[in-house]
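Enquirer: Protein chains in written order, with the working numbering: chain A, 1 to 374; chain B, 1001 to 1089; chain C, 2001 to 2212.
Hints listed in this document are in silico derivations from the structure and should not be mistaken for laboratory results.
You may find that some hints are simply not true.
Claimed, not checked - Pairwise CB distance ranges, derived in the manner of DEER restraints:
| no. | chain 1 | residue 1 | chain 2 | residue 2 | range |
| --- | --- | --- | --- | --- | --- |
| 1 | B | 1017 | A | 262 | 29 to 39 angstroms |
| 2 | C | 2159 | B | 1017 | 40 to 50 angstroms |
| 3 | B | 1010 | A | 292 | 49 to 59 angstroms |
| 4 | A | 196 | C | 2130 | 50 to 60 angstroms |
| 5 | C | 2190 | B | 1030 | 45 to 55 angstroms |
Said to hold, decoys possible - Partial list, derived from the structure: chain A residues whose beta carbon lies under 10 angstroms from chain C:
| no. | residue |
| --- | --- |
| 6 | 97 |
| 7 | 105 |
| 8 | 108 |
| 9 | 121 |
| 10 | 154 |
| 11 | 155 |
| 12 | 190 |
| 13 | 218 |
| 14 | 225 |
| 15 | 247 |
Built from N, CA and C at the ideal position, the CB exists for glycine as well.
Residue strings, one per chain:
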Amino acid sequence: MKKAYIIGHNVVSPLGFSTEETVDRILEGQTGLKRDTASAEPSCTARIDDARLREAFAAIADPADFTRLEMMCLLSMSTALRSIPEPLTDIQLIVCSTKGNIDWLGAGADRPDDSVRLGVFARRLAGFFGFTQEPLVVSNACISGLQGLIIGARRIRAGRSRRVVVVGGDLVSAFALAGFRSFGALSDEFCRPFDADRKGINLGEAAATVVLADEPPTNETPRFVCESGFVTNDATHISAPSRQGEGLYQAIRRVQQSEPEPTIDFICAHGTATVYNDEMEAQAFYRSGLDQTPLLSLKGYFGHTLGASGLLETIVSLEALRRNRLIPSRGFGQEGTTRPVAVVREPEQRPMRSFLKTSSGFGGCNAALLVRQL
Amino acid sequence: METLIEQLKVQIVEQLNLVDVNPAEIGTDEPLFGEGLGLDSIDGLELTVLLNQQYGIKVSNPASIREAFASVRTLAEFVQKNAPAEVAA
Amino acid sequence: MKTYIQSYCRIQDGVILRDGEVVYEHIGETADLDAFLTAAYQQAGLSYSKFFKMDPLCRLAILAAEGLPGSGSGAFETADPVQRAIVLGNRTSSILSDRRHQASLDCPSPAVFVYTLPSIMIGELSIRHNIQGENSLFVTESFDPETLAAYADDLFADGLCSACLCGWIDASPESYEALLYLVDTTPTAVSRPHTPDEIRAIYEEHQPYFYS
């Protein structure tokens, strides 16, 4: 089996337009979340500065020709692709999103609805760089980004592709805000993953790109690989997770069984800060024997970025791994799950070589992936 | 109170799209969640939408009024106690 | 590793075909998706009250899957639920529910919002048929049997499933269609090879029935 090397990555987030800048801000204690004073119902969201996005995008193309999400994704891809030599043919592009250009839905005649179709969106991303292969578009709720990465890594490991680019993106939209609000899932304060007083999610937006290849870059050490990843379904309810975290537990168990070296130095959990999600995840981690493993959620820095979250949070965790820095789980004060988990409260420097990333989503889906430094 | 109870049964069937349920057959003291009518968490959220739309009652935290949702009778009692406008008794 | 289509269901224009035989033909306006789905459900004698809470896309998926998991070699039934997989393709995502939700943003309904993801089809099918394994949904501009077949075959080759429910399900204001089929690794007297050409063939079977 080949190895799926991570040879390039980038995030476009409210905290920065590069992975390095974003993680610098996180380690300085900053968050991308802000209280939203514009609307009648208070909420906290993590939005990308529009002017900064347009200015940065103008360096690669005309903002007038692309949607907001396309600008975010293309900017992210453009930076990440600097890691691979031309030509950019024979690249499998995987695009991950829950709602794509949802801000164009019913927006009027000058914004035709076909842009809302994910297939159209993905082709525009692929076309921009001249990729000749048809992109694979993954839309599986909030695990989309992580699942895209797992699928890409499997293609490389099985020798089906030599280079895969995985990009994920989602917007903060009135559509999503209204929807999560109707679920009572939105918190009007900064979210508090795994905390006893957590009251729900904050929404965020981001784009993130990972470039995978079957060979490591010639110059760089250390080297990082995507190891095994699995996707499961709770098969119990379309919007509530299994109380025993059954699906997530099965995914994690498969990762553990596939790896001859089972050590996990930290967990970057899904940690959305709803009562049910975090409780379920803690159950799954406990059942997997991971209740003592340092655990963090990045939702306190980015909010929940839906289809981008799995990719964004994996990249940030990778950079933390490279720096041997444990990132504190922002928003956590006091244990708040039936099975306690080892939430990281303070930043810490420690030698680390691997992390487990998990995601879960509406529809009962779950995903788990191990990333390792060689 | 009886009129409110019958009214609620009709509204519950409509709001929750319980196509194969006859409002007259819902037991007034039958459990709404779990067994009985077998409603789930999304139905619970829709009931809070119903309370807001039909009776002007805003529920910020559905979990806090779990007892009110035990049966149609407890729901009717909750509505009588909390509805700002006059409600058919 | 050779894979086989055990059974399949095709739905379009008010007609439901199972393994090539017409099992339901709607009387009345076939473009009225709600009416068609309700009538087909009743004719099938199903007793699944969750059906009426679902949006049309999920109801279409549930109807298309009826009878498939129990068919063929029995691999699906005997498999550990975590070895049952589902792979779906779709074009317009959850556009029917999206538009409904978009039209009511000032008074949103959680029962509508929950269906604004095409992958909720996976959720509903997983609950009904206890599918706990690999699950994925790919969005393409047109029906893409190559992608569906390759991805499902990769799951079998990697040992990630022993039975897989696969298909293409789409419902938009303009049209609706479904093709769902069960795949596993055991040939039977009636199974067909699981290849893009065979999938295309069952998709195009009985085209005269479909007049759109």
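Enquirer: The structure should be examined with respect to each hint, and the outcome stated for every one.
Expert: Against the structure, the hints:
no.	hint	result
1	1017/B x 262/A: 29 to 39 angstroms	violated, 47 angstroms
2	2159/C x 1017/B: 40 to 50 angstroms	holds, 42 angstroms
3	1010/B x 292/A: 49 to 59 angstroms	holds, 54 angstroms
4	196/A x 2130/C: 50 to 60 angstroms	violated, 34 angstroms
5	2190/C x 1030/B: 45 to 55 angstroms	holds, 47 angstroms
6	97	holds, 9 angstroms
7	105	holds, 5 angstroms
8	108	violated, 12 angstroms
9	121	holds, 9 angstroms
10	154	holds, 7 angstroms
11	155	holds, 8 angstroms
12	190	violated, 23 angstroms
13	218	violated, 29 angstroms
14	225	violated, 17 angstroms
15	247	holds, 6 angstroms
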